[in-house]
Amino acid sequence: MKIIRFEFTCSRPVPLYAHLCNQYLNYAELTIKVGYQKGCYFIEAEGKQPQLETLADAIAHDFLISVWLTDSRIALIDSPSGSSHPLKGGAITQEFCQQCTPQFGDNQSPQFGDLGLVCDCCHGERSINPHYQGLTGADIAALSTELLTHGALTLTGDLPVTLSLNPLSPAGRPTLLVCNPNTLNAQFHLTDRQVLALSSIEKPLITARAIDNHPKLDAPLYDLCFAYNRLLVILTEHLRRHGVDWLYIDDPRHSEPLAFIDGAWVDIDCSAQAPVTLNLSTPALHDDVLLRNGAQAYYARHDKQQYRVERVTGSLTPQQQAALISLTPQEYGLSALHSVNLEHGVDKHSAIIYFSQQHGGQIQTLDAKHNSELFFALPSLPDSGYEIYHQLEQSPQRKVLEKFKQQYPDDYLRLLDLKLSAPRDNLTTLWAIGAILLGLPSRSMQIDDLSDALMAAAQAHRGANSPRIDYPLTRGEAHRSLNWCKTLGTVMSFRLADDRDTRKLAFGMHDSLADYLANWIEHLDQNIGVRSVALAGSEWRNPLLCQRVVLRVGKNFPIKCNQQLAIDGNNHAIGALLLKKRRK
Numbered sequence: 000m001k002i003i004r005f006e007f008t009c010s011r012p013v014p015l016y017a018h019l020c021n022q023y024l025n026y027a028e029l030t031i032k033v034g035y036q037k038g039c040y041f042i043e044a045e046g047k048q049p050q051l052e053t054l055a056d057a058i059a060h061d062f063l064i065s066v067w068l069t070d071s072r073i074a075l076i077d078s079p080s081g082s083s084h085p086l087k088g089g090a091i092t093q094e095f096c097q098q099c100t101p102q103f104g105d106n107q108s109p110q111f112g113d114l115g116l117v118c119d120c121c122h123g124e125r126s127i128n129p130h131y132q133g134l135t136g137a138d139i140a141a142l143s144t145e146l147l148t149h150g151a152l153t154l155t156g157d158l159p160v161t162l163s164l165n166p167l168s169p170a171g172r173p174t175l176l177v178c179n180p181n182t183l184n185a186q187f188h189l190t191d192r193q194v195l196a197l198s199s200i201e202k203p204l205i206t207a208r209a210i211d212n213h214p215k216l217d218a219p220l221y222d223l224c225f226a227y228n229r230l231l232v233i234l235t236e237h238l239r240r241h242g243v244d245w246l247y248i249d250d251p252r253h254s255e256p257l258a259f260i261d262g263a264w265v266d267i268d269c270s271a272q273a274p275v276t277l278n279l280s281t282p283a284l285h286d287d288v289l290l291r292n293g294a295q296a297y298y299a300r301h302d303k304q305q306y307r308v309e310r311v312t313g314s315l316t317p318q319q320q321a322a323l324i325s326l327t328p329q330e331y332g333l334s335a336l337h338s339v340n341l342e343h344g345v346d347k348h349s350a351i352i353y354f355s356q357q358h359g360g361q362i363q364t365l366d367a368k369h370n371s372e373l374f375f376a377l378p379s380l381p382d383s384g385y386e387i388y389h390q391l392e393q394s395p396q397r398k399v400l401e402k403f404k405q406q407y408p409d410d411y412l413r414l415l416d417l418k419l420s421a422p423r424d425n426l427t428t429l430w431a432i433g434a435i436l437l438g439l440p441s442r443s444m445q446i447d448d449l450s451d452a453l454m455a456a457a458q459a460h461r462g463a464n465s466p467r468i469d470y471p472l473t474r475g476e477a478h479r480s481l482n483w484c485k486t487l488g489t490v491m492s493f494r495l496a497d498d499r500d501t502r503k504l505a506f507g508m509h510d511s512l513a514d515y516l517a518n519w520i521e522h523l524d525q526n527i528g529v530r531s532v533a534l535a536g537s538e539w540r541n542p543l544l545c546q547r548v549v550l551r552v553g554k555n556f557p558i559k560c561n562q563q564l565a566i567d568g569n570n571h572a573i574g575a576l577l578l579k580k581r582r583k
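The sequence shown: position 9 = 8 (numbering that gives the first Met the number 0), numbered continuously.
Just so you know, the hints here were simulated from the structure itself, not pulled from any lab data. On a predicted model such as this, the values are computed, not experimentally measured, just so you know. Careful, some of the hints might be misleading.
Calculated lysine to aspartate or glutamate pairs in the EDC-like style (CA-CA distance at most 16 Å, straight line) [said to hold, decoys possible]:
(1) K368 with E392
(2) K347 with E372
(3) K402 with D524
(4) K580 with E255
(5) K32 with D70
(6) K485 with D469
(7) K1 with E28
(8) K402 with E392
(9) K404 with D416
(10) K579 with E392
(11) K579 with E255
(12) K347 with D524
(13) K404 with D382
(14) K579 with D346
(15) K47 with D70
(16) K37 with E6
(17) K554 with D514
(18) K202 with D286
(19) K579 with E372
Pair ranges (Cβ atoms, derived) [unchecked claim]:
(20) G528 with A185: 30 to 38 Å
(21) G136 with I324: 26 to 34 Å
(22) A140 with V117: 17 to 25 Å
All residues carry an ideal CB built from backbone N, CA and C; glycine is no exception.
Generate coordinates for the entire structure from the input sequences, incorporating the hints supplied.
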């Protein structure tokens with residue numbers, strides 16, 4: 000007799016894994032115990048070799064990849080440590096699993112199109128949107144015909160979902176629902192980990208770049224997803240049979256695509272995420288906090304040794320409106336640092352590189368006495384291309400600006416036409432201006448489209464070498480900032496010298512910034528001693544920036560980020576519980 004332990008280590012709780020563990024308690028052929036410790040789900044089985052091999056095959060079939068799975072292994076143990084009692088947290092809301100999907104979602108199955116198919120494993124039929132319940136296979140086939148005939152379809156509900164064969168907007172990053180996964184690699188540049196994430200049980204959005212010169216895909220970047228409910232699984236199977244590889248989708252429930260930081264996927268925001276509980280002994284400075292971040296409001300509280308945060312749905316009551324606290328951009332960055340430190344058991348000798356589209360870019364530190372300091376903050380750039388040109392003209396970059404104006408008159412005119420809305424103290428704005436100076440095509444003159452154009456060009460560069468773009472610091476009364484005129488002057492200079500490879504220059508803007516960040520962190524290390532560097536903020540959705548910063552900064556310092564929380568959402572509310580900020 001042997002005792003085998005099957006382990007699934009996750010960065011955050013995965014309800015389906017807990018549910019499956021509980022189901023295996025009913026496995027009659029073997030003595031089974033289950034458990035969950037420090038992010039690891041495990042099943043322990045005692046029996047003979049043939050029975051254990053059969054169990055291993057069953058577990059491999061049932062435990063589909065989760066985007067939060069960080070490691071899995073099988074070990075031979077001396078004695079079990081689990082329990083025969085069901086795990087908590089096994090309530091799942093997903094509509095399908097590995098057992099029922101082939102039955103209702105495969106056109107070769109006799110039950111294809113049966114939206115209400117009963118599944119003894121996941122019970123997904125109980126989670127179907129009430130607006131879709133009762134649809135028959137013929138109804139769904141008719142919906143696919145309507146989409147193919149008219150080119151668009153709206154699925155009604157509390158939040159309508161729009162599907163279209165054509166772009167839904169002339170600007171902005173499109174979201175695509177994949178109908179034929181087999182064509183993905185022929186149409187997009189995807190890594191193996193991105194394909195696995197798309198296929199995971201969570202079905203998240205993943206950002207990808209289309210292949211060059213694709214006849215239909217002309218946007219710099221796309222957010223991709225696989226079908227994430229039963230109706231879409233059936234609908235996309237109909238469309239796949241008619242040669243549709245993907246279609247455009249607009250679903251208000253979609254949050255930001257995931258970011259990949261230092262070997263793990265992380266949430267940028269968490270608009271659809273369930274309440275999060277952190278069991279931590281670190282004392283909070285406040286009992287609770289109600290905080291708005293963008294369009295979402297989050298309520299966090301601390302009770303004994305437990306931190307809990309949840310999204311506040313619907314309109315805020317007058318009492319909630321009165322309880323809302325306001326934070327400065329610096330306090331948002333510091334809250335983000337506190338939230339990362341909480342998750343990883345750190346409270347001093349730490350720094351954060353916080354790049355947020357909403358709350359600006361900054362570097363902050365906590366010293367040995369838990370005192371915070373703002374070392375660097377991105378400047379707020381002018382609100383128009385004309386003002387950018389005017390300030391460049393008044394700077395030492397005037398000569399290179401005149402040469403640029405003469406050699407690239409069309410890009411000079413694009414710069415003058417640029418309109419920038421607040422906030423402008425972020426990398427997105429800097430990338431957008433850089434895209435114009437490099438002459439990169441974009442779908443519109445909107446900031447996000449221009450920024451995507453620069454990110455896509457940088458990702459397309461094949462190589463690790465590039466010109467060094469200057470990011471010189473300026474010293475203000477309170478903190479250091481960036482001499483952006485010098486940065487843009489360097490970009491223009493390199494393009495004037497050789498504009499045959501603008502992708503290399505776009506890559507250089509990323510790689511050089513990562514190099515400067517590493518130098519700045521090393522400087523802070525000499526002053527206060529930096530033992531870990533946190534990354535937070537929505538700008539880390541940029542995969543190349545993540546890669547270069549982890550490579551440069553992570554060479555000498557451990558990189559930390561939120562795993563159970565988002566990196567630009569509910570993390571602020573949790574971190575605000577530790578802010579040294581007096582309440583009214």
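Would the hint linking K402 and E392 be met if the CA-CA limit is 16 Å?
12 Å, holds
Are the Cα positions of K580 and E255 separated by 16 Å at most?
-> 30 Å, violated
Check your understanding: Is the straight-line distance between the alpha-carbon of K579 and that of E255 16 Å or less?
Key -> 30 Å, violated
TODO: Given the hint that K404 pairs with D416, test it: the Cα-Cα distance must not exceed 16 Å.
DONE: 14 Å, holds
Straight-line Cα separation of K404 and D382 no greater than 16 Å?
Judged against 16 Å, a Cα distance of about 20 Å means the pair is violated.
G528 versus A185 beta-carbon gap, inside 30 to 38 Å or not
50 Å, violated
Taking only the CA atoms, is the gap from K37 to E6 under or equal to 16 Å? Since the Cα atoms of K37 and E6 sit roughly 12 Å apart, the hinted pair holds (cutoff 16 Å).
Given the hinted pair K347 and D524, is their alpha-carbon gap at most 16 Å?
-> 12 Å, holds
Exercise. Regarding the pair K402 and D524, is the alpha-carbon distance no greater than 16 Å?
Worked result: Cα-Cα ~41 Å, so violated.
For a C-alpha distance cap of 16 Å, please report whether K32 and D70 respect it.
20 Å, violated
Going straight from one Cα to the other, do K579 and E372 come out at no more than 16 Å? 13 Å, holds
field: Hinted pair K554 and D514, Cα distance within 16 Å
entry: 11 Å, holds
Of the numbered hints given earlier, the model fails hints 1, 3, 4, 5, 10, 11, 13, 15, 18, 20 and 21; all others are met.
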